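J.: These protein sequence lines are chains A and B, in that order. Going left to right, the first sequence walks through residues 1 to 129 as my numbering numbers them. Going left to right, the second sequence walks through residues 1001 to 1129 as my numbering numbers them.
Watch out, some of these pointers could steer you wrong.
Which bits of chain B does chain A cover? Going by a derived footprint, with three or more residues having C-beta under 8 Å, they are [as the list claims (entries may be wrong)]:
{"id": "1", "region": "1079–1085"}
{"id": "2", "region": "1105–1114"}
Which chain B residues stay away from chain A? Per the calculated CB distances, all over 10 Å, these [what the hints assert, rightly or not]:
{"id": "3", "residue": "1011"}
{"id": "4", "residue": "1014"}
{"id": "5", "residue": "1045"}
{"id": "6", "residue": "1066"}
{"id": "7", "residue": "1067"}
{"id": "8", "residue": "1089"}
{"id": "9", "residue": "1099"}
{"id": "10", "residue": "1121"}
{"id": "11", "residue": "1127"}
Hints are computed from structural coordinates only; laboratory data are not their basis. All figures in this text were calculated on a predicted structure; none of them were measured in a lab. Beta carbons: idealized from backbone N, C-alpha and C, even for Gly.
2 protein chains.
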Amino acid sequence: MPDPAQLRHLHAASAVAYPFTELCKAGKLTEASATFWADDIMSVEPFPGPYALLTGRDAVNGKVEYWSRENTIHAVAVEGPFVNGDQFALRFSLDCTMNASGVRSVQHETALYTVKNGRIVEERFFGMF
Amino acid sequence: MPDPAQLRHLHAASAVAYPFTELCKAGKLTEASATFWADDIMSVEPFPGPYALLTGRDAVNGKVEYWSRENTIHAVAVEGPFVNGDQFALRFSLDCTMNASGVRSVQHETALYTVKNGRIVEERFFGMF
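Start from the sequences and build out the full structure, keeping to the hints where you can.
T.: Now the structure itself:
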């Protein structure tokens, strides 16, 4: 029988992972970030450029707003949470059109979240290229 | 235009991620680990017990062998690689039967691999509970 203390440690992120994921699956991404991001959240993207590595809620929201202007989302599928200790992962499929080119595609990514003191302190994105 | 040096750094794991994933998708898991694991690979599982945290090829192979004895795999689906810098993620769905109980289910997990000097130095598993 697993030791309860070990289980609590191993799934420390669950208290954030499950409600955060539920909001994401309901399309409530703004509420999810407002509720669960730490003020000094760090965001790590797999591509280069001005949004590759950001710190702080305002900066990361700036990236989200930039992305929302450049793309039209048709559908989002969210799978997870996949949990281990103080981290959890979500798998996203975003059916979207790049506004500038009109090109529509499905973007696949895995997002890895690190939790500390009941807040997400880092979001790290992994892309399929 | 992205800086080539930045792209190389951001996708440093790709040289391992793509061939490793190809072997996994072909069902050649033994060859994948034999080819790409570092000798001192660390393995981190999300559940407690003797196989939760292991170091070294022999120890991790011991976990794989234990799991293979306890379970019968009917099908494995592998998605990815999802890449960022020196890490990449794979998403696994394993349709398997626990031999002891006869219970069949589909296990979903995300595996996060850390690459150093052309070898996988850590595999970290995230489960859906």
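J.: It remains to establish, for every hint, whether it holds in the given structure.
T.: Here's how the hints hold up against the structure:
1. Taking a C-beta to C-beta cut-off of 8 Å, the region 1079–1085 of chain B contributes 7 residues in contact with chain A, enough for the three needed, and the coverage statement holds.
2. Residues of the region 1105–1114 of chain B with a Cβ under 8 Å from some Cβ of chain A number 4, which satisfies the need for three, so the listed coverage holds.
3. The Cβ of residue 1011/B does not lie farther than 10 Å from every Cβ of chain A; its closest approach is about 7 Å, which violates its non-interface assignment.
4. For residue 1014/B, the non-interface assignment is contradicted: its Cβ lies about 8 Å from the closest Cβ of chain A, within the 10 Å cut-off.
5. With a least beta-carbon separation of about 8 Å from chain A, residue 1045/B fails to lie farther than 10 Å from that chain, contradicting its non-interface assignment.
6. Separation of residue 1066/B from chain A is adequate, the least Cβ-Cβ distance of about 16 Å exceeding the 10 Å criterion.
7. At roughly 17 Å from the closest C-beta of chain A, the C-beta of residue 1067/B stays outside 10 Å, upholding its exclusion from the interface.
8. The claim that residue 1089/B is not at the interface with chain A is violated, since a C-beta of that chain comes within 10 Å of its own (minimum 4 Å).
9. Every CB of chain A is more than 10 Å from the CB of residue 1099/B (nearest about 20 Å), matching its label as outside the interface.
10. Every beta carbon of chain A lies more than 10 Å from that of residue 1121/B, the smallest distance being close to 17 Å; the non-interface claim holds.
11. The non-interface label for residue 1127/B is inconsistent with chain A: the shortest C-beta to C-beta separation is roughly 6 Å, within 10 Å.
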